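Visitor: Using our numbering, the first residue of the sequence shown is number 1, and each one after it goes up by one.
One or more of the hints may lead you astray.
What the hints assert, rightly or not - Straight-line Cα separation of at most 30 angstroms, BS3-like style, residue types lysine-lysine; simulated pairs:
#	residue 1	residue 2
1	379	411
2	379	368
3	368	411
Claimed, not checked - The calculated label-pair distances, taken between Cβ atoms and stated as ranges, are:
#	residue 1	residue 2	range
4	402	446	46 to 56 angstroms
5	225	407	53 to 63 angstroms
6	51	335	48 to 58 angstroms
7	317	203	30 to 40 angstroms
8	148	121	34 to 44 angstroms
Bear in mind the hints are in silico, worked out from the structure with no lab data behind them.
All values reported here derive from a predicted model rather than from experimental measurement.
C-beta: ideal position from N, C-alpha, C; glycine also.
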Amino acid sequence: MAAPQSSPLHLPAQLLGRLVERPSHPLAVLGEALALPLLALALGFWWAPNDPLQTQGAFPWPWLAPVVAALRYGPMAGLASASVLLGGWLLLELGHWDVFPQMYFLGGLILTMLVGEFSSLWQARARRAETLQQYLEQRLEQLVRQHYLLRLSHDKLEQELIGRPMSMRDALAALRDIGREPAALAQAPGTLLRLLAQFCQLEAVALYPITQDALQTQPLAQLGSCTPLQTHDPMVQQALQMRRMCHISQTLSTQQHSRYLVAAPLLDLGGEPYGLLLVEDMPFFALQEENLQTLNLLLGYYTDGLSMQALAQPIVQAHPECPPLFAFELQRLAHIHASTGVPSIIVALQFQARALAQELPQQILRLKRELDETWLLQKNQQALLAVLMPLGEASSAEGYIARLESWMHHKSGGTLDAAGIFVQVLTLQGQAPRATVAQLQALAHA
């Protein structure tokens, strides 16, 4: 059998990706915008010394440099590249400026500006799509985590109660309460470690803060006999670089020695590290995959709660009756609208006394979509159910209302109005979240 022939050209596997990657620093962008036409001029001198700009040629090849710059960075970069070509012509034609090739430069500038505007338009669309995708990925990650916690809580509750002093429900309730009171926020790291020690059987554990991507040596909290932090420990470095949980079996497979059994970074909703949990001692039988997964998920639930409380704090302080999760989602969607222009919808359902007598608000609550957040406001003989629909438009609200009408028709043969339910639709466009909450409260008390 003939041996496979090897190609004489050996290129890095990601060379093409590195070539098309756009730098973000303004000086790098300016340097590339100026270097491309200089390279075109150099090639022109090599190819046609008498006419390097190809003003008399069949095709103006040097204009490809401003076109590429405009396509990558927008019209301003294209104009900067075009100015280099203009400067090159002025230097080459000293004393002959009266024969300026007007059509040559006019056509090139028009082409460059068209390409630059096209680039700016699609870059804005790409940024908008990336922002929306990031939001949906965050929601999906939260839903997956909650689904796993729910399955673990229901399927393993009886077995865990035998060997553990608390249930998953107790652990989640304790994590959810962390940070609700500002006075207790400083004690949150210690509360978290005590909870993890009880639920995941940790015996020596410490939580270290990360400030501006730098791991601090002074712990936020610690339990058990913990030794001073070793920042150059291989497991610590691996967890910080990979931004995911690492444990002792991974370092053993790479024949590296580590003082720690588990290193788990705490990441916020944006994926930025908030702290690093280091476990120095735990029972041997607790060092198994399911317990480590539970530990990682509880840490994620904790950091999600801190992010939610911090973002929802202004609304909750001004309107204490507003649920933190509703306020948190309202703030996030307002930020998305400000950065991308994509609106969201709130469907406000007003319930009269006859609808409350049939417990219709609780029944409609069970019909909400998984991504929606709800807030039920009750006042005397009236109630208001606010359904926040992320990234929704008028068509989303119409579809939801049509589904409620169909449900009510199958339930009682009537309409929402006949049942004492009146619908209003609010669009989150330019409204401050606090103003939206105040508007909902005004509707509830009307």
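Visitor: Decide, hint by hint, whether the structure agrees.
Guide: Quick rundown of the hints versus the structure:
With a CA separation close to 26 angstroms, the supplied pair residue 379 and residue 411 stays within the 30 angstroms bound. Simply put, residue 379 and residue 368 have alpha-carbon atoms about 22 angstroms apart, close enough for the 30 angstroms limit, and the pair holds. With a C-alpha separation of about 17 angstroms, the suggested pairing of residue 368 with residue 411 holds against the 30 angstroms cut-off. In this structure the hint that residue 402 and residue 446 lie 46 to 56 angstroms apart at CB is violated, the actual value being about 25 angstroms.
Range check, residue 225 to residue 407: Cβ separation about 60 angstroms, and the 53 to 63 angstroms hint holds. At about 54 angstroms, the CB distance of residue 51 to residue 335 agrees with the hint of 48 to 58 angstroms. The given range of 30 to 40 angstroms is respected by residue 317 and residue 203, whose C-beta atoms sit roughly 39 angstroms from each other. Take residue 148 and residue 121: their Cβ atoms lie about 41 angstroms apart, and the range 34 to 44 angstroms holds.
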